[in-house]
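Chains as they are written, first to last, in the working numbering: chain G, 1 to 296; chain C, 1 to 445; chain X, 1 to 327.
I should point out that these hints are in silico values taken from the structure, not numbers from a laboratory.
It is possible that some hints are incorrect.
Said to hold, decoys possible - Only pairs whose alpha carbons sit at most 35 Å apart, straight line, appear in this in silico DSBU-like list of lysine-lysine:
#  : chain 1 : residue 1 : chain 2 : residue 2
1  : C       : Lys158    : C       : Lys52
2  : G       : Lys213    : C       : Lys435
3  : G       : Lys185    : C       : Lys444
4  : C       : Lys234    : X       : Lys275
5  : C       : Lys57     : C       : Lys125
6  : C       : Lys435    : X       : Lys118
7  : C       : Lys234    : G       : Lys218
8  : X       : Lys64     : C       : Lys258
9  : G       : Lys259    : G       : Lys200
10 : G       : Lys121    : C       : Lys318
11 : C       : Lys5      : X       : Lys215
12 : C       : Lys435    : X       : Lys320
13 : G       : Lys218    : C       : Lys52
14 : C       : Lys258    : C       : Lys157
15 : X       : Lys3      : G       : Lys185
16 : G       : Lys121    : X       : Lys275
17 : G       : Lys47     : X       : Lys68
To be verified - Have a look at the derived ranges for each label pair, beta carbon to beta carbon:
#  : chain 1 : residue 1 : chain 2 : residue 2 : range
18 : G       : Lys115    : X       : Lys64     : 26 to 32 Å
19 : C       : Thr395    : G       : Lys219    : 49 to 55 Å
20 : G       : Asn49     : X       : Glu69     : 25 to 31 Å
21 : X       : Ile108    : G       : Lys115    : 39 to 45 Å
22 : G       : Lys115    : C       : Gln322    : 24 to 30 Å
23 : C       : Thr395    : X       : Ala242    : 56 to 62 Å
24 : X       : Ile53     : G       : Gly57     : 48 to 54 Å
25 : C       : Gly156    : G       : Gly57     : 47 to 53 Å
Each residue gets a CB set at the ideal place from its N, CA and C atoms; glycine is no exception.
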Amino acid sequence: MNNVLLFALLALGLLSVAAAIILYFVAQKFKVIEDPRIDSVDEVLPKANCGGCGFAGCRNFAEATIRSADLNKSIEGLNCPVGGNNVMKEVAAILGLTADEKDPLIAVIRCNGGKKHSPSKVQYDGATSCAFAHNLFAGEGGCPNGCLGLGDCEVSCNFDALFMNHETGLPEVNDKCVACGACVKACPRFIIEMRPKGKKDRRIFVSCINTEKGGPAKKNCSVACIGCSKCFQVCPYEAITMANNLAYIDPVKCKLCRKCVEVCPTDAIHELNFPPRKPKTETEVTTTNSTSESLA
Amino acid sequence: MNTLKTFRIGGVHPAENKFSENAAIETLALPKQVIVPLGQNLGVASKVQVKKGDEVKVGQLIATGEAFISANLHSPVSGKILKIDEAVDASGYRRPAVFIEVVDDIWDESIDRTPQIIHEIKLSKQEIIQRIKSCGLVGLGGATFPTHVKLMVPEGKKAEFLIINGVECEPYLTSDHRMMLEKPEEIIIGIKILMKALEVDKAIIGIENNKQDAISKLSEICKKHNGVSVQPLKVKYPQGGEKQLIKATVNREVPSGKLPIEVGCVVQNVGTAFAVYEAVQKNKPLFERIVTVTGKNILKPSNFLVRIGTSVTDLLEKAGWQPETAGKVINGGPMMGKSLSSIEAPIVKGTSGILVLNSNESYREKINPCIRCGKCITVCPMGLEPYLLARVSETGMFDIAEGSHILDCIECGSCQFTCPSARPLLDHIRLGKGKVAHIIRTRKN
Amino acid sequence: MNKLTLSGSPHVHSEMSVKSVMWGVVIALAPAFLVSLWYFGISALFITAVAIISCVLIEFLIQKYLLKEEPSISDGSAVVTGLLLAFNVPSSLPWWEMVIGSLVAIGIAKMSFGGLGKNIFNPALVGRVFLLISFPVDMTSWPVPAQNFFSLDAITGPTALGVLSEGIDAGKTVSELATILPDYSNMFIGQIGGSLGEVSAIALLIGGFYMLIRKIITWHIPVSYIGTVVIFTGIMWLIDPARYIDPVFHILAGGLLLGAIYMATDMVSSPMTYKGMIIYGVGCGVMTVLIRVWGAYPEGVSFAILIMNAVTPLINKGFKPVLFGNK
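Put together the whole structure using the sequences plus the hints.
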């Protein structure tokens, strides 16, 4: 009995020693020499593997930064949108370089049609895929550039930052957005744009990308940009450009004065996170009241 | 038992519902205005040659096909060009089109409008192809591939068979059937012309066995013509697919990714054969076609001879449709047709039928999970695995899709038709096909 | 005018749906159920009802409260599972064991993989095998057909296969055993002991033909399965008729017909191409004979099918349809 135990232990022990020796030599033989900086850069990256930087994953991005640092002595052009400035600073510090400050970006939905403003004329009954519906027809509301509302962007978002609002039929972006750009690629109509977050998260943008002439655009959607150029004329900072019956606000030049929002006849220009304006009509009412009081 | 010829693998047999089978072809009254879209053929859209205010006659050239795969376009009516603008097409997108106001019905002088049938083929091979090209002929089965391109056999290849598609395997549609019954002589002469152009001595007309009257009528006439024969085929969808028809009639398989000429075959539709007759013998360009208007809730399912550019509404009203019961209006048959987003859309060269489904029929059933029954594989006429292709297209694994020959899919819809779980297989496959084709194009560049 | 509907082609759909397939299987099982009702009396009805109700209820509860999705019990797949599970057990099985079997079948074999269409193994067979291993005594005391319709207590006895297996192990020859084995005509109509669904060959065949006509199944799996068993056992019978019994006995005894027609053809867990189906059927046949003749269990159908279920994905990968134009 004791012998059995002893032999079993001995056999297992010898096997393990033999395996350990083999493993050691194999590990030596097939050792991959890797730059230790890759690991340390990889360490500080957010590990989302979202592809927002343009590389397949965080590790590829880390390798790219080191290549760039070795070749060009800078990591310009490489940016991790998820980690933002803080992470890029850390990466630069590891490589002994400095990183440029970049404005954080956020996804912006440039369509406000949806079920409310662009009521459906036909009914789609097929695969839940914007890409397919885009190939099939112009959209339930009839706008050839508008949101199809089938949620390809929602599927593409890995950060729980973009959801379809089923009441309006439009996607909505929340603060979790890290500007990885997956939704921009997923949208077959290029409705989603990455724009700077802006000061205090305030943003002004044209929420329409319809390039049709005013008439047809307005026919399909009550909040379409009809290319009337009113905003273009009123903008004091030359931030607005007109092309293909469509206004575009340059986020860099825009000083958030909100003049364009007021003149837009179709409410196509959106302002986000601004304090509510004093309603004009109300002030008029109060003034008349006060005059009447003074008269009395 | 004498079994009828058909293609080897796959295929389905949807309910035929050929309501308009016995309705003789009826000429539709001229509309007040026509909208002629410029991109009516497969390939590059035609280039417009008229301007606003121009007076045109019936059959006058209004746009030319300048690219290799493109076709000429002729005015279907006489009158004045109102404008050249964008018009909402069947899918709801805006595409360039010529708007013509109809005044009288003055035909171009060069068109022979006499009713007698001209048997003798005077033109040479080159002249025939040239005439077909200038008359703007496209495949009238629905794919609208320019006919003259098909007739130009590439260097080093030899056509042995001309196969005429009289199958009409789509349910509901009867335009080819009526054509074969009412214009058999002309069709056969058209086939002879095509045979001359292709320098082949054998032509086979494939007709499905549910059109006995057409089979006997054409067989009768074929006896007088050497080399032309009628081949009755078993009723099975998608027998009208080029590759399936070649397999069924001459038992040859077109290799994956190749054209029918690879196995010495050229396929043309009977409607095209008739148009060839009119173009070559009567010098009449393609500006009208036969359109079936049908559906369960259509009072008078009919076959109309209509000018290109007529609004779909005109046809529907003439056939007595009931707008309140309509749920879906389809350009073409129920298996491969495109559903219209607006009935204002014009009839184009590729419109073989207008099918109205009532609101009960127009919804798809609830989608269930795939139960891996394998029925889609069984019915696929191309030997593909539709469930797999749909799955990988949906999840974006386009490399697997390409490896599984997604580009061989002919989009016949048999898989989706038969799927017990009512999965939108073809929707996904179509999308994946587009993506894979795009990936391959970018890889080549 | 209504809003027009838009979708990609095709715009028509065949009559067949998951619902029609599943209820078609239920209809096909009806003759066999009626026969078992005739032979085993009310206890057959009782155990079948317990199985169906517990399967449907378990699926409903899991979908509603665990997966939080729309319950899809109306598609009939749980009913089929329950029915097949009941057909695979003796009618004398205690009802609570049946509930446990249903829980394993639906809960573990089906829903834990993600529900309909995603399971690797045939749920009813997993339930049966679980019961067989957990409650071997209850699962192998087969009631002989009851004399009294309303009697819940049936007289139990071994199945034909059990008799044969024990007899051979004890060193007897087939001809010696023939006297105690039931004769073939009784086996054909169902006058034998066994589980609910395996007693009457004729009723199972009627259901099988119904499914063939409705195109719920194709001939490939049943024919290749039974054909393999016939050929395999036939060869052995020819070599040594004293030790191996003839193929007719193998077809009529045990659950071969039930397995080949109803269980192996389960769409979800069987291969998708005709070629793959034939390979699968042959594999099932070989495994069945191996287990029956040389294995410890007298009956091998359920194990054979489960083993081949595991191979199905490989078969699907290996036996693709022939591409058009590659001839």
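Of the numbered hints stated previously, which ones are contradicted by the structure, given in increasing order? Numbers 1, 7, 8, 16 and 19 - these are the hints that the structure violates, sorted from lowest upward.
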